[in-house]
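Sequences listed follow chains A and B, in order. Numbering-wise, the first sequence is residues 1 to 324 according to the numbering used here. Numbering-wise, the second sequence is residues 325 to 972 according to the numbering used here.
Hints in this document: simulated from the structure, not taken from any laboratory. It is possible that part of the hints are untrue.
Claimed, not checked - Just a sample of chain A residues kept apart from chain B, beta carbon distances all over 12 Å, derived: (1) 9; (2) 32; (3) 157; (4) 162; (5) 167; (6) 178; (7) 190; (8) 224; (9) 261; (10) 313.
Unchecked claim - Derived coverage of chain A by chain B (criterion: at least 3 residues anywhere in the stretch with Cβ under 8 Å from a Cβ of chain B; other residues may be distant): (11) 77 to 91; (12) 133 to 145; (13) 169 to 177; (14) 192 to 200.
Fair warning: this is a prediction, and the values are worked out from it, not measured in the lab. We put the beta carbon where it would ideally sit given N, CA and C, even for glycine.
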Amino acid sequence: MLHGVQTPDILDPQGPTSEPIATLWWAMLGVATVVFVATLVLLTVSVVRRRGGEVSEDRVAGEGFAGGGNLVTVVGGVAVPGIVIVGLMVATVTTTAQVATVQGDGQGGDDALAIQVTGNQFWYDVTYPGAGVRIANEAHIPAGEPVEFRLFSADVIHTFWAPQLGGKTDMVPGEETVMRIQADEPGEYRGFCTEYCGIQHARMQFVVVVHSPADFEQWLEQRREAPTPPEDDSALAGREVFSEAGCAECHTIEGVSPRRDHSPDLTHLANRRTIAAGVLENNRGNLGGWIADPQQHKPGSRMPPSNLTSEQLSHLLDYLETLE
Amino acid sequence: MTATDQPTARDQLTRLWDAPPTFAGWVTMVNHKTIGKRFLVTGLVFFLLGGLLALAMRTQLARPEQELLNAQLYNEVFTMHGVTMAFLFIVPVLEGFAIFVLPLMVGARDLPFPRLTAFGYWVYLLAGVFLYASFLVGSPPDGGWYAYVPFTTSDFSPGKGMDFWLLGITFLEISAIGAGIEILALLFKNRAPGMAITRMPLFAWAMLVTSFIIIFAFPTLILGSVLLEIDRKVGSVVYNPDAGGSPVLWQHLFWWFGHPDVYIWLLPGVGIVSMVIATFSRVPLVGYRWVVASTIVAGVLSFGVWVHHMFTAGLPNLTAGFFGGASLVFAIPSGVQVFAWIATLWRGRVQWNTAMLFAVGTLVVFTFGGMSGITLGVVPFNWQVHDTYYVVAHFHFVLLGGSVLPMFAGAYYWWPKLTGRRLSERLGVANFALFVGGLVLTFVPLHLVGFLGMPRRYYTFLSGLGWEAHNLLATAGAFLTGLGVLAFLVNAVISQRRPMTSSNPWQAGTLEWSTATPPAPQNFSAFPVVTSAYPLWDTPGEEIDPGTTAAYREWAEPLARPYRLRREALQTSELDGEPEAVSTLPQKSLFPIITAVVLAVGLTGLLTDATWMALLGLVLSVAAGVGWAWADGDYAPIPGMVDEEEPA
Chain A
1 MLHGVQTPDI LDPQGPTSEP IATLWWAMLG VATVVFVATL VLLTVSVVRR RGGEVSEDRV
61 AGEGFAGGGN LVTVVGGVAV PGIVIVGLMV ATVTTTAQVA TVQGDGQGGD DALAIQVTGN
121 QFWYDVTYPG AGVRIANEAH IPAGEPVEFR LFSADVIHTF WAPQLGGKTD MVPGEETVMR
181 IQADEPGEYR GFCTEYCGIQ HARMQFVVVV HSPADFEQWL EQRREAPTPP EDDSALAGRE
241 VFSEAGCAEC HTIEGVSPRR DHSPDLTHLA NRRTIAAGVL ENNRGNLGGW IADPQQHKPG
301 SRMPPSNLTS EQLSHLLDYL ETLE
Chain B
325 MTATDQPTAR DQLTRLWDAP PTFAGWVTMV NHKTIGKRFL VTGLVFFLLG GLLALAMRTQ
385 LARPEQELLN AQLYNEVFTM HGVTMAFLFI VPVLEGFAIF VLPLMVGARD LPFPRLTAFG
445 YWVYLLAGVF LYASFLVGSP PDGGWYAYVP FTTSDFSPGK GMDFWLLGIT FLEISAIGAG
505 IEILALLFKN RAPGMAITRM PLFAWAMLVT SFIIIFAFPT LILGSVLLEI DRKVGSVVYN
565 PDAGGSPVLW QHLFWWFGHP DVYIWLLPGV GIVSMVIATF SRVPLVGYRW VVASTIVAGV
625 LSFGVWVHHM FTAGLPNLTA GFFGGASLVF AIPSGVQVFA WIATLWRGRV QWNTAMLFAV
685 GTLVVFTFGG MSGITLGVVP FNWQVHDTYY VVAHFHFVLL GGSVLPMFAG AYYWWPKLTG
745 RRLSERLGVA NFALFVGGLV LTFVPLHLVG FLGMPRRYYT FLSGLGWEAH NLLATAGAFL
805 TGLGVLAFLV NAVISQRRPM TSSNPWQAGT LEWSTATPPA PQNFSAFPVV TSAYPLWDTP
865 GEEIDPGTTA AYREWAEPLA RPYRLRREAL QTSELDGEPE AVSTLPQKSL FPIITAVVLA
925 VGLTGLLTDA TWMALLGLVL SVAAGVGWAW ADGDYAPIPG MVDEEEPA
């Protein structure tokens, strides 16, 4: 089962940045149902009350502009919508305010954990600037605290959206946009790119992993350390393959290859739940198939096929599995 | 000659206004009724093409992880589905109804600039061919119908696809702007004597406001598109953020056009439904002045809400709130319109037939879609559902409800005037049931899958997310809708074998029903004098204002007989409809098609980077324009008719 794959239902909110919106929806649904049913009832009564096509004698000929309005038109058309509009404006302001208590004033300057995410065609580059940790297509956050995502784009407009945690914000090239969310409980939540960004827009997804605060601190600490060099011969051979067979031209592994911005950082690859931007389970079989030919799984993605022998691939996989 | 050998004035007018049934006649003719029908038929073809693209998409999405359409093809298909429906179907078909019906409805002999009408059609046809030629060369646009940058700049879309979009859409808009200008001129200056603007039918009011919207909205899209095309061709950086340009600027320019555009799609259909509901309730529409006011308010307000397409783009919350509030205000003009319909149904005595089914269906489906629209104006809710299938479901409800169902209503209603016959009622009920049942089955589940997080423009989806059932149901619904369209096509074809019907089979009240079925080429031999908004429902012997009578005698009466071999139309004053002048209209011309063709040549040169072709097209277009302006509209001698200088 793919990680973070329970139904990403916005009506199953998991924190204070998504719950007020779900509540708002139920209120709107209630009002809309009443209005719609009333309209249907009025319509039904109107059409059944005098049937048959006889020309009615009590019509006012040539009414046009001279004939006035009618109570139904004014009440139904102006008064009821007017009241609903006022109610919805109040709801807009209060719901935005509720979500914004977590959002803050958008000026930063508080202690919320800051995570930087850059959208690329077709993956997310995730950095913890305070800790110097860089991963891809996954965001780990502590439960019960606001988290500030600072969003960028390296190419076209993308979006960063985890339905159960909060509303979405676009990632616009040339700008920084900010999104603050908060999750109540530990868990895993799926996220999507929602602004059409090219051929593999449909397979640009991510997982938000929510830890208890203590677990989060531990996770972050462990990622700060560079990975221990492998001791196993096969894994050492695999590190050679990584460096020599072209992978290091694009991908960063701390201590092994220089920093590359245009491809996912693999330093903590084995710690990730998914690969290919959230669409494949991170296991040996999938990883091997992906490395051999990414175009099979995600045609149009930016990674070319590799030309490894099965022995090279096997060593490489042994190495990658050490990258916690 | 004896009296019976003399052609009547009516016969003479018919010969003067008719076009010969030859190829030359077909290419040079400028009469609004034929051109209106051309728009309708061509629009129907694009509707079918767009529908096939939709069925392809729904088949691909029927189950998770399918690859019936691969990613690139799917992205091209969803782009061209949107382009076809938005640009090549909805507006041309509504224009087609307007072009055909309005002169008949307001008591005019033709539109005021017949060569412009013809030109508008040829441009539409050629622009459609231009856009679809992208498929033939293997390079259809794949940037979405809305073409957001930077994805559609040459950095990220290096092929010809987006050039087809930018040049083709710009070309097409010329047609729409021309129609908008012409309809305004008709409705202000060519109404029947006595048709004060306060007696103008509601479909005409709808087209009046729609034409203003076209004129103010379309040029902005042309501006934005031209800037992007220049960026793509010469490397300028208007939209390039790395060089100080702004991707969000495209969104502003597009949606400044794009939101009013959806009211161009909505208002004509709403006007059609007002006509149909009044006719088959046997009473004038209740709340006429309220409906006129709400139409005007909707038109003006449509320019004040465009940012509601951009609530997630990183703009300040205060900005978003303002535009959200303005969007919510739409509930009022929409509510007025819906309740005016209900009040009319209440006051009248309803006669059911297919046209009425579609009209009442519009009321229900559009109201449902309008309500999801209102929820989208609530900013924090929008942050959750923007770019999900909830939005797709919303706009298909309002489009199918507010534009397409009225088109069917208009087809069943005006079929006698279009073809002389009536459509079958039994097939009509099947058409209605399948189409509406299908649209409900397709789009109700899609609201729900939007809540479950399914984004738009996804060529496939993962299994296990809980999206399977909704997508499968939606696909079934789409095919059901297709069957409904098929029922209509069958109905249209077999209707030609039914007997001719009478001139006013519905006993309706507006002027188009006083013409013959089908109408004579000149529409009206003698101009009627109008004393109300439903002239055919007036009791005879209404008082006519003496000023109108005098003006009628001076300007309108002589036109009942063609004493000069010219097609003549009556001009009346803007507010009161008092006859004040006579204008001369062309009989036929080659300039419309020539000008359209040379413009297409120039655009093809731009598309293919063939500078010589682009320049040739430019030079020939200028020449064609000059020739058109100088030509006097071509008059062919008519046997048996003599050109007199004075009325007899």
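Going down the list of hints, with the structure as the test:
| no. | hint | verdict |
| --- | --- | --- |
| 1 | 9 | violated (5 Å) |
| 2 | 32 | violated (5 Å) |
| 3 | 157 | violated (6 Å) |
| 4 | 162 | violated (9 Å) |
| 5 | 167 | violated (3 Å) |
| 6 | 178 | violated (8 Å) |
| 7 | 190 | violated (7 Å) |
| 8 | 224 | holds (31 Å) |
| 9 | 261 | holds (14 Å) |
| 10 | 313 | holds (25 Å) |
| 11 | 77 to 91 | holds (count 10) |
| 12 | 133 to 145 | violated (count 0) |
| 13 | 169 to 177 | holds (count 7) |
| 14 | 192 to 200 | holds (count 9) |
Comparing the model with each earlier hint shows violations of hints 1, 2, 3, 4, 5, 6, 7 and 12; every other hint is respected.
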